[in-house]
Amino acid sequence: AVPPPGTPAGPAREFAAVRLFADRAAASDPAFAVDETTIGDVQHICAALDGLPLALELAAARVRTLDVGEIAARLDDRFRLLARGSRTAEARHRSLRGVVEWSWDLLSDEERELARRLTVFPGGATAAAAAEVCGADVDLLPELADKSLVEAVGGRFRMLETIRAFGAERLAEVGEAEAVHRAHAEYFRRFAEQADPMLRTADQLTWLARLDADYDNILAALRWATENDVALALRLVLLLAMYWWMRGRRFEGAGLSLAVVSRCSPELREEHVEEFLVCVLGAMAGQPHESLEQYLPLVRRFAADGAWAPRHPMLVMLLGVVAGPPGDDAELLIRGEGLLATGDPWSWALLPMGLGLRSMMSGDLAGAEEGLREGAAQFRALGERWGLSMALDHLSQLLTWRGEHEAALPMMDEALALMHEIGATDDVADLICRRAWARLLSGDRTGARADYELAATTARRSGMPESRASAYLGLANLSRFSGDLAAARELCERALAECTGGSFAAETARASAMISLGWLALAEGDPAAAAALHREALLVGRQWHAGDVVAFALEGLAGVTGPEQAAVLLGAAAAVRGTAISGDPDVTAVRARLVESLGVDGFERAYRTGSGMSAQKALDHSIEGEVSTRSDT
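Numbering follows our numbering, with no gaps: position 548 of the sequence shown is 548.
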């Protein structure tokens, strides 16, 4: 607020505009005070500038070299035209621009050079960054701060947006924009080159914080490169991919990656294949888009190429998320050869964890436990939280399958604490869902519901569709168990709607939704629909080498078939997964029905037929054999 003309100094000092001007003027000249000798000019200045805080700060910064009467007079000259007409929002904007222009004109040539080049830093700059990018006299930064052209906070110099926009116009006018933006983008490419490997060490929190501090600058560099130097943009995406996943920015990173993909020529795709694949896979994993479907054959070709060994660990991880696990251990080892050749200890830890996951998907739980424990031990020795959390997450899932809840739940809590520590919010939602499942299996439905609701809230914030789908399915199953079939269907349909994009994560989430819908159809009295849903899920699991999905689908089919065949299918599910899951309410109910129908001996005999099959034979049995739906619904 601005005091009316003629307000005495005492009451005028209570107005916000006068207080702000007085505070900033005293910071420039400690001898300055708003009193009866200065209040008239101060009121004039405040009124001329419409009480705009930025304009007042800039004007007050001149008190060191000009008295307030001179400042008021110069503003009169500057804004004489603004006195005419109504005081519209446009006039307020012109007042602000005028005072920025006035302050700019009072700078020396050297100060203007530095100021206009600083405009390429939307996130502010350290003195070192400014020196390297601007190529100007950075000793002048304190002078610019004294004149309120930049703010000096925490060792960084930051321009307010209005000043930065004005300075950017001056940068373009003198023909320096392309060169300075390129210097800025290259500087942050070098910074990202330095930061990326450090994210896979015990110092990752420090480097995550450093990347956070310059994230606005990094985004500006990437966006400029996307429009002006796509090869540089490809490199930046590769270097930022792990940061995006560790920091819960997966969805945002996917959108930025998609923009780079759209600008990439066929020649660049071949020349920078590893960077291009990270772009495509990162976009698919976070923001599925129909324009990406054309690149799926390329992804599958490289994923299956026995002669190609990717060297960046994030590419190997993204291949798993989008293309699914390798078809066999040999293929995974080929992928791992490139990682081993890098000499990166984090990549060495990733390989046994990957082998463990591959074993887990193929039903070799002993091999899975060995690989996951080895990976966890190596990540723990490195002090790296993200990899350790992933290894603990999968290991706890394995223990949950075996009913070892007392060991699994503390392991899940440690994994969650690690993810929270690094800020990996996208992963947090998935971990909470798996903890909810463990609580459900242990009989704690109240705790399971609380976790699924927390996961749904977390996933809605993160923007990851598969995470939302998992949370909705958990809540749907709990609604079904309590008899609320309408709520269960609504939640299942919401989950299914989230599963788009054609990636491994999206397709396995879709299969999980179909399995939940299958159990729901059975509860609604439609075993034929249930069988069709479980069969479709089974085919998805087989296509993507997802043994756990196949096993859950087989158990769903067991719920809708005749007693003896159902017992065989339950055994086959255990063969595919490597174990029967202890405490699953649906399977427990099916098993009880079968024991009642077949007797204990008859059930065990049929079950052993299925559990004695190889995983492949169990798959063939379920896919090729006739599964007749039972009539006793």
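None of these hints come from the bench; they were simulated from the model.
Glycine included, every Cβ here is placed at the ideal spot set by N, Cα and C.
Each hint should be verified, as a subset may be incorrect.
[Claimed, not checked] If you anchor each label on the Cβ, the simulated ranges turn out as follows:
1) T446 x R223: 25 to 33 Å
2) E151 x E406: 19 to 27 Å
3) E271 x T65: 17 to 25 Å
4) Q616 x D212: 42 to 50 Å
5) G525 x R223: 53 to 61 Å
Hints, verified against the model:
| no. | hint | verdict |
| --- | --- | --- |
| 1 | T446 x R223: 25 to 33 Å | violated (47 Å) |
| 2 | E151 x E406: 19 to 27 Å | violated (54 Å) |
| 3 | E271 x T65: 17 to 25 Å | violated (56 Å) |
| 4 | Q616 x D212: 42 to 50 Å | holds (48 Å) |
| 5 | G525 x R223: 53 to 61 Å | holds (55 Å) |
The structure fails to meet hints 1, 2 and 3 from the earlier list, while all remaining hints are met.
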